[in-house]
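Chemist: Listed here are the chains, written in short residue letters.
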Amino acid sequence: MSENILVIGGGPAGLNAAVMLSELGVNVALVERDSFLGGNPKKFKYKFLFPDMQPADNVIGELIKRAESGGNIKVYYSSEVSDFKENGKKFDAVIKSASGSETKTFDSVIVATGFEHFDPARDAKYSYQLFDDVIDIKDLERMMGENNFVRPSNGKPPKKVAFILCVGSRDRHVGNQYCSRVCCTVSVKQAIEMREHFPDCEAYIFYMDIRTYGFFEDLYWKAMEEHDVQIVKGRIAEITSGPDNTVVCKGEDTLLRGPFEIPFDMVVLASGMEGGPQSPEISSKLGIELDEHGFLKPENVTLSPFKSNKPGVFLAGACTGPKAISDSITEGAAAAMNAYTYAVKNR
Amino acid sequence: MAIEKHDKENSGGGRPVAEKGEHIVARHLIEDDNIKEEKNLVIDGVDVSGRWNTFIISRVNSEFDRSFFEEIKKTVAGSRINRCWQCGMCTASCTVTPLYRRFNPRAFIYMMQLGNLKELKKYIDVAWRCVGCYKCSQRCPKQVNPAEMMEALALVIKKYFPEEVKTKLKLDEEVKKIYEDMIIGHGRLDLAKLHTYAIQKSGRTKELLGKIERDAIFKMVKDGRAFSVLRLGKPHNWSSSKEAMENYLRKLNTIENTEAGV
Amino acid sequence: MDKLKENQAAYYPGCALLTIDRAYNNSSKLVSKKMGIELVEIPDYNCCGIGEMKSKGAASMYMPLRNMMLAKNRLGSKNLVMACSVCYHEFSRSIARVKENQNELSAVNEIFKEAGEFNEEYIPDGEARHILEFLYNEKGVEEVKKNVVKPLKGLKVAPYYGCLYSRPSMYTFTDKKPKMDNSERPRFMHEFLEALGAETVFYGNEVQCCGGRNVVQDEETSFTLCSQTISKAKKAGADVIALICPKCAGALDVNQPKIVEKFGKDSELPIVYLTQLMALAFGFSKKEAEFSDMISEPLKVLNEKGF
Amino acid sequence: MAIEISNRLGLANVKSDYIHTAGRKLEDIHERLLELEAKGEVKVIHIKEENKPIEAETLLGWKKKIPTNKLWHHKSCGQCGNIPGYPVSLLWFMNQMGLEYVDERNQTSCTAWNYHGSGTSNPVGLAAVAVRNWHRAYELGLFPLFHCATTFGDYKEMRNLLVENKELRDEVRRIMHKIGRELVIPEYIVHYSEWVHVMRFEIAKLKKYDLSSIIATVHPACHTYKMIPEDCIYDKDIYAGKRTAVSTGVMLALGAQVADYSTWYDCCGFGFRHILTEREASRSFVMDRKIRPMVREAHSDVCITQDTGCTTTLDKNQWIGKAMGYTEQVPVMADVMFAALACGADVFKIVQLQWHTTDWRPLCEKIGIDWKKSEEEYNAYLEELKAGGKTVNLYEYPKS
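Chains as they are written, first to last, in the numbering used here: chain A, 1 to 347; chain B, 348 to 609; chain C, 610 to 916; chain D, 917 to 1316.
To be clear, the hints were calculated from the coordinates, so they are not data collected in a lab. Glycine is no exception: its CB is placed at the ideal position from the N, C-alpha and C atoms. You may find that some hints are simply not true.
Derived DEER-like restraints, expressed as beta-carbon distance ranges [unchecked claim]:
#1 C/Glu729 - B/Thr605: 28 to 36 Å
#2 B/Val372 - A/Asp244: 34 to 42 Å
#3 A/Asp244 - B/Lys513: 35 to 43 Å
#4 B/Val576 - C/Asn791: 54 to 62 Å
Covered stretches of chain D, as calculated for chain A (at least 3 residues, CB under 8 Å) [to be verified]:
#5 925-932
#6 1152-1165
#7 1175-1185
Using the sequences plus the hints, can you model the full thing?
Modeler: Structure representation (structure tokens):
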């Protein structure tokens, strides 16, 4: 008899976990709240992934294909775990979907519920939603994905674009003190794409620190040295309406120590990652810990970042904190290995 | 708006004439250029002379002028301006910064990147103090070559602030001219002539007759080196090189040709 | 003109060495010859640009590269040896830049074409070599030791490399090629001096700038920097400072009376060229080494020490 | 240009489906106040049924009850002297609507100008003054309504400090006992502009003129929306919930156009210290940062404010702008004054624009108000007074 393992969340981490378990011969129940697999990258139609600019479909599409064609994976679309109980070393879960509820016993569980993009509308100073030409990175990703990269206000190509880093991150005011890790890299990636698309459109990045860690740094160098993307040190304090249908970014140039108010055709807010409402929900439902940042808390952040505090329940991907897609995929595999070991041991 | 003139300076009443913005409590916090004040002014029949009409002009930077960046990027010396990320390694390495508070290559590069001429103007007098020791270029993690960026900066200042160059950088400009005349014009450098010209240009002709200079000249005359200077001469057929270089400079489509009129 | 023989090297003197810094020029030739290499001046040389041409685009590279063309064209030598660090910098800068940048190379060749002096294009296949690096790598420390007949025992020397011999490495290739000196802590002069039997002192300003570039229009800066260097060397117990650049000599030696006038006796110390000390140790007379040319009067201390 | 103006005009009307989410680290002081009351630590001036409250949403999505009746008017120092039409317009509206209030004469200054202007104050002193005034409303059985933005900001701050610090409460209680009063804290600190905001549709019912051709620019007072910002009214349908809704809300309800301008967030230049000792800064700020953008970018017919200091500073400093080539001029008045004009209040006797420096007559003409007639009546009244006639109350007092 083969093992039964529950994977909650069909994003990069959950997909990879499910695929790996399936290859081991495990029966996988993959519970996805949306009507499609692929998580945020699919939902917001990410076009190219950093660091090598490969089409997102090469990665996400491939994972979905493997999951959908894997014989041992049962995907529950538009569904959720509505009830969850421990049953000795095993777990009884009720999976609720449009077609009704199903109760099953699982040997172990992988939580891969992912993250939510910070909603920049929550930080009024950025005037997101107020000005059409203020968008955020997920909007830009979608616009690029749909090949519709123009100024939302008038449909014309922009001549001057600002990228604003650390929106909703590293900001006690909005309640998020952590760094979202990928927004810097995503922003330089988008600036490059933009410059390739509109060579005569100027790109400026307003930053406090640029955190393109590891080899992502290559993209940052490329943005500056090959695409003349200009970085300006200073966080933007407010965005107001400017002359000729522009939006004005007001900030302090901390390197020259002086105020600036620069009009732009378009502003892209690098909104960060949050645990989202699903994190506290899954935390209370499964009885696993939530950290002070609103993400799920690993048992030991260094030694076992893929284990929850509850034996048999494992964590993977951005549900434990902001991370790049590649890291999520890696964690999916790590969690799969651990969930499998647990299941086999307690058979 | 009617303006009435009172000749306060010559009124002889002994009352000192107020300096511009003098009465502002925090006067020392505001730069001169940012204060506007009419000494004598009557509006709608009301005397609002001096402090009654003082205005403080905003110092907000409202433009990033990228054309400027493009201009510098085209020059040989400034071609790597897009690389600079403002880490400050250049200023940290600098030989001159410890001597002159306002000399900051990192900031100069940034002003050029953003086309912030307003700010750059404040540093014209010190911006040419680079000694060309290349410590910055040696250590720059992105090989921006800040030492040569200072050459691009000089070009920029020359093009955009010709008046200030005439007043604040008169000597530098003249010495540079002597160098160029010799180097391009004659193909070789007459060090003795350069030295005397420079001292003359700085208005210190008397110094040439001082003991130190006199001793040195006397020594060189005595040991014969003074005559070797006279024998230096020109490279053979130098004029073809001279013309070729001048033509090249004239044809250049960058700020490098602003001083091409050699 | 005849092509070079073996044991001959094409040599670029530069304006200073042919005139007021003849001591450096002549001693360089003397010691090179003694070590087995004859320096042959290229005919019809022109000024390297002395750093004053950098804002003039490719023209700044034409100046030194014309001399490289002369070496190849007239003497059949791809490489060119020089003793002046400023010239060395201008040459290496131009070669490094045109090697890396095709546009700059074409711009330089445009000027060559227009001047019409040579019938060929410039190809960046040669190197500029500083006399110190050249003798160190071609002949080596052992060759120096072999030639010493009058060891400089008891002479404490502060080696002063200045800026452009080692910086920036993107032009000079210091740190890069296996046999090149270190850009932050150069050692070649130290090794030579020790081979001569002299003692080197550590004083911290070995690669500090003398401000020589601006010395005519900005004495203040140069005097301050020089005073720091001289007084540090003096404090470290040096009898003389050894140089490898005529521009440094202009700042440290020629201006020394003025520096002393301004900063006092702490800033007074004899200045010599490395090659003068080598010539002395190799058995040439003080007159042949032309120590009397130096304003800072090194003869006094050399006589006192009995050399 | 046309695109630009239409873009600016549309902004105040941008709607959003965005639901406010509270920042995780902020605590609702209102809840803590009620906890203290439950423990018997303080007395609270509650908003009762008879105050006919209307609920509004604040920056973080919290609910704030705004009382609309049985109010105690805490007026503003500079207002009555410099802009008398300001409080009068508000009382005029309440009279029109038949609401009960007390136009208090036994009120003290909040002393917060001193606090902001020179820092020569202390929390105990400030809190004691606040509580003294709150208690006055309490003993009359009314809910306090504050006219001045600085009072509003200061009292919000004092309320928070009192709730958070037992030592401060004890000290203030001791002082209150000395003057025969008690420590009371209002459930909410309410600014008059919030009253105007929640009553804006009632006010609009009284409208006499078509205002659709009027372009207004709103200057929000720093002390209304920047001090204790979580306590200010925001509305999903006004500026997409991104900017405080007061003043803009009533202008939209009246059918006027509100235009955006680049320096919306900026201070008027009053600056507390500056208006006292550095008028150069104040006047420069007024012209450079506020009036010029309002006129150049938004083609504004009127600048709408919500505070004493802002109204005075923006109005009185425009004339001298001419000295440095600032030719832009725009009349300045509080939201409630403009609303009163729109609803037919007398220009001279009620709204009292004659005390304003910047020319307001073109605005009246554009609205269609016969200011000349009003002026004649007013002058006749003055003549009457000179001839020994009896003064009449230009606005009614409440029936006692």
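Chemist: Could you run down the list of hints and mark each one as holding or not?
Modeler: To see whether the hints hold, each was checked on the structure:
no.	hint	verdict
1	C/Glu729 - B/Thr605: 28 to 36 Å	holds (33 Å)
2	B/Val372 - A/Asp244: 34 to 42 Å	holds (39 Å)
3	A/Asp244 - B/Lys513: 35 to 43 Å	holds (37 Å)
4	B/Val576 - C/Asn791: 54 to 62 Å	violated (36 Å)
5	925-932	holds (count 3)
6	1152-1165	holds (count 5)
7	1175-1185	holds (count 6)
Checked against the numbered hints above, the structure breaks only hint 4 and satisfies the rest.
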